[in-house]
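**Student:** Let chain A serve as the given structure and place chain B on it in line with the hints.
Protein sequences, first through last, are from chains A and B. Add 30 to the 1-based position in the first sequence for the working numbering, that's all there is to it. Add 30 to the 1-based position in the second sequence for the working numbering, that's all there is to it.
Since the hints were derived computationally from the structure, they do not count as laboratory data. Please note that a few of the clues may not be correct.
The list cannot tell twin chains apart, which means a pair is met if one copy fits it or any two copies do.
As a list, the in silico DSS-like pairs of lysine-lysine whose alpha-carbon atoms are at most 30 angstroms apart [as the list claims (entries may be wrong)]:
1) K231 with K178
2) K158 with K83
3) K178 with K126
4) K178 with K53
5) K116 with K50
6) K322 with K136
7) K150 with K308
8) K201 with K53
9) K105 with K318
10) K126 with K136
11) K268 with K305
12) K264 with K50
13) K78 with K249
14) K318 with K300
15) K116 with K126
16) K92 with K126
17) K322 with K300
18) K322 with K116
19) K322 with K178
20) K201 with K116
21) K116 with K300
22) K308 with K324
23) K105 with K308
24) K249 with K264
25) K158 with K324
26) K155 with K50
27) K105 with K260
28) K116 with K231
29) K178 with K105
In this text the structure is predicted, and so the values were computed from the model without any measurement.
Protein chains: 2
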Amino acid sequence: MYTIGVDIGGTSIKAGVVDKSGKITLSLQIPTKNSPNACIESIISLIKDLIEKSNLTTNQIKGIGFGFPGMVNSKTGVVDFLPNMKDWENIDFSSKIENAFGVKVKITNDANAHTLAEQKYGSAKGAKNVVMLTLGTGVGGGVIIDGKLYEGEGSKGAELGHTTLILGGNKCGCGRKGCLEAYVSTTALINQAKEQMLENKESALWSLCNNDLATLNGKIFFTALNNGDKLAEKVFDKYIEYLSEGILNFCNIFRPEIMVLGGGISAQGKVLTDKIIKYCEDSYYGLKGAPKVKIVTATLSNDAGIIGASALI
Amino acid sequence: MYTIGVDIGGTSIKAGVVDKSGKITLSLQIPTKNSPNACIESIISLIKDLIEKSNLTTNQIKGIGFGFPGMVNSKTGVVDFLPNMKDWENIDFSSKIENAFGVKVKITNDANAHTLAEQKYGSAKGAKNVVMLTLGTGVGGGVIIDGKLYEGEGSKGAELGHTTLILGGNKCGCGRKGCLEAYVSTTALINQAKEQMLENKESALWSLCNNDLATLNGKIFFTALNNGDKLAEKVFDKYIEYLSEGILNFCNIFRPEIMVLGGGISAQGKVLTDKIIKYCEDSYYGLKGAPKVKIVTATLSNDAGIIGASALI
Chain A
31 MYTIGVDIGG TSIKAGVVDK SGKITLSLQI PTKNSPNACI ESIISLIKDL IEKSNLTTNQ
91 IKGIGFGFPG MVNSKTGVVD FLPNMKDWEN IDFSSKIENA FGVKVKITND ANAHTLAEQK
151 YGSAKGAKNV VMLTLGTGVG GGVIIDGKLY EGEGSKGAEL GHTTLILGGN KCGCGRKGCL
211 EAYVSTTALI NQAKEQMLEN KESALWSLCN NDLATLNGKI FFTALNNGDK LAEKVFDKYI
271 EYLSEGILNF CNIFRPEIMV LGGGISAQGK VLTDKIIKYC EDSYYGLKGA PKVKIVTATL
331 SNDAGIIGAS ALI
Chain B
31 MYTIGVDIGG TSIKAGVVDK SGKITLSLQI PTKNSPNACI ESIISLIKDL IEKSNLTTNQ
91 IKGIGFGFPG MVNSKTGVVD FLPNMKDWEN IDFSSKIENA FGVKVKITND ANAHTLAEQK
151 YGSAKGAKNV VMLTLGTGVG GGVIIDGKLY EGEGSKGAEL GHTTLILGGN KCGCGRKGCL
211 EAYVSTTALI NQAKEQMLEN KESALWSLCN NDLATLNGKI FFTALNNGDK LAEKVFDKYI
271 EYLSEGILNF CNIFRPEIMV LGGGISAQGK VLTDKIIKYC EDSYYGLKGA PKVKIVTATL
331 SNDAGIIGAS ALI
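Isolated chain A (complex conformation) (with noise of 0.2 angstroms):
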């Protein structure tokens, strides 16, 4: 038996057939339509392709799995709102599916999907509590406890970048104030950056965006930091004490086995754990005498969200 799963995203859709090992033995991407509807008709399409390529038969797919970039109803298989793609607003989204396949369909946002597939088959691989955050232009969180996938009521949960870091501080996308998102997110990193170099025309940073400010990016920032460039490394310092608080927060909300950390700037690797995993050491992982939280950075970047979606199986 195979399983399906499907990554949503604002700009294409990749859909993957995993066996049981985890592993995709095939997989397939579209550019992702405006609609909800003609949205929905592309991923039939896209998944009877799959099946079709893969010469297997329905009765061969236990189940397909959806990993979507918003909020969404496990339970009732109900997106309820994704941000960045239109109208994609109170959607029976799983009845659709499980009509056009007749096997069984599940769906979950894409940072818990990704933490099912680090839990599964990644970093974190046989932990059974386990916490993620990815630090993309948002921040997001999933949480595995016992081995199953947290998500609280109408699964509004594990949102872990919406926690106060800094009462009435920086303006979250949330609405709130303060959040760690605010502070962690590669938006946030890239603000911090700019915020510094208007005060710093020295830093190298400026040759590198070619005087523009506004081009500043992730790649442009970490390569200003490898290079050694003070401004950087000064911002990127503040980065981390920002992160670790939160990591250390979570220390001691859960008190994990494992901490993963993913999205863009988790790509960093050792250049981003090692200075965490100093911080959180100097502050004894948010609690004298408590163990050690394992940190580490996710191993399944580009596949995770086909196979965290396929393990919702």
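**Tutor:** Positioned in the frame of chain A, the structure of chain B alone reads:
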């Protein structure tokens, strides 16, 4: 069959026989002895006494549960550290009680015990996902996931008071800065009132504490508040903001069915919860479109320690 619950405190130790329905059939209390050895001996005598006075035999006791005011390891049965009890460090506790009575022994911290009591027999009865905050000298936390107490690695999770509200803010007893505990414990509330009193000599709080700032306590503060003192109202409104923002964090992290507030301050009941609920409603309980989280005060108060400890069995 019966269970026994023992509530260990810095000044007294309370033990009770609890029946299947969670009712205490008999309870006894002794002062807390000065050393761990003397204390353990007195606990064994207390339990023997309790069994005898209940006309029971150890065959009728299913097990004995203990709630401790500090850090314990529920898996190993070792008491790691009790901040307010001398020499309680790394004490192999459970095995000693097991040897004395030949029955199952379980230990946890007092906030966990209280949370379990509320979920089994109190304000959160029947709920599967519960988060509790105990607002006392410190701020404890308890988490029930899928009907089971969640303690984390080495029982060092659910330390909900030690999560950042204001990065770099007020010093917390745990060594970090800006923890929720440093803003919403009774101690913190009293300190906030004292600070404001120094700037406002007209507050009724001054006469209520005979012009001696050092005598201000929770009882005096809430008397002034309930009498409509403007300064007390101002301090309380700020306190509600701190506490509500902490609660919103736990809504986003756990999205539990219910949040329970315990500890001294929770005796204020609706004076406390009405304001918190209004604050959380105005903030969409942390996330627009997410289910509301029921917010209540604990109902078992005095007996919660015994009942919760017995419920470990």
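**Student:** Are any of the numbered hints broken by this structure? If so, which, sorted upward?
**Tutor:** 1, 2, 5, 8, 12, 13, 21, 27 and 28
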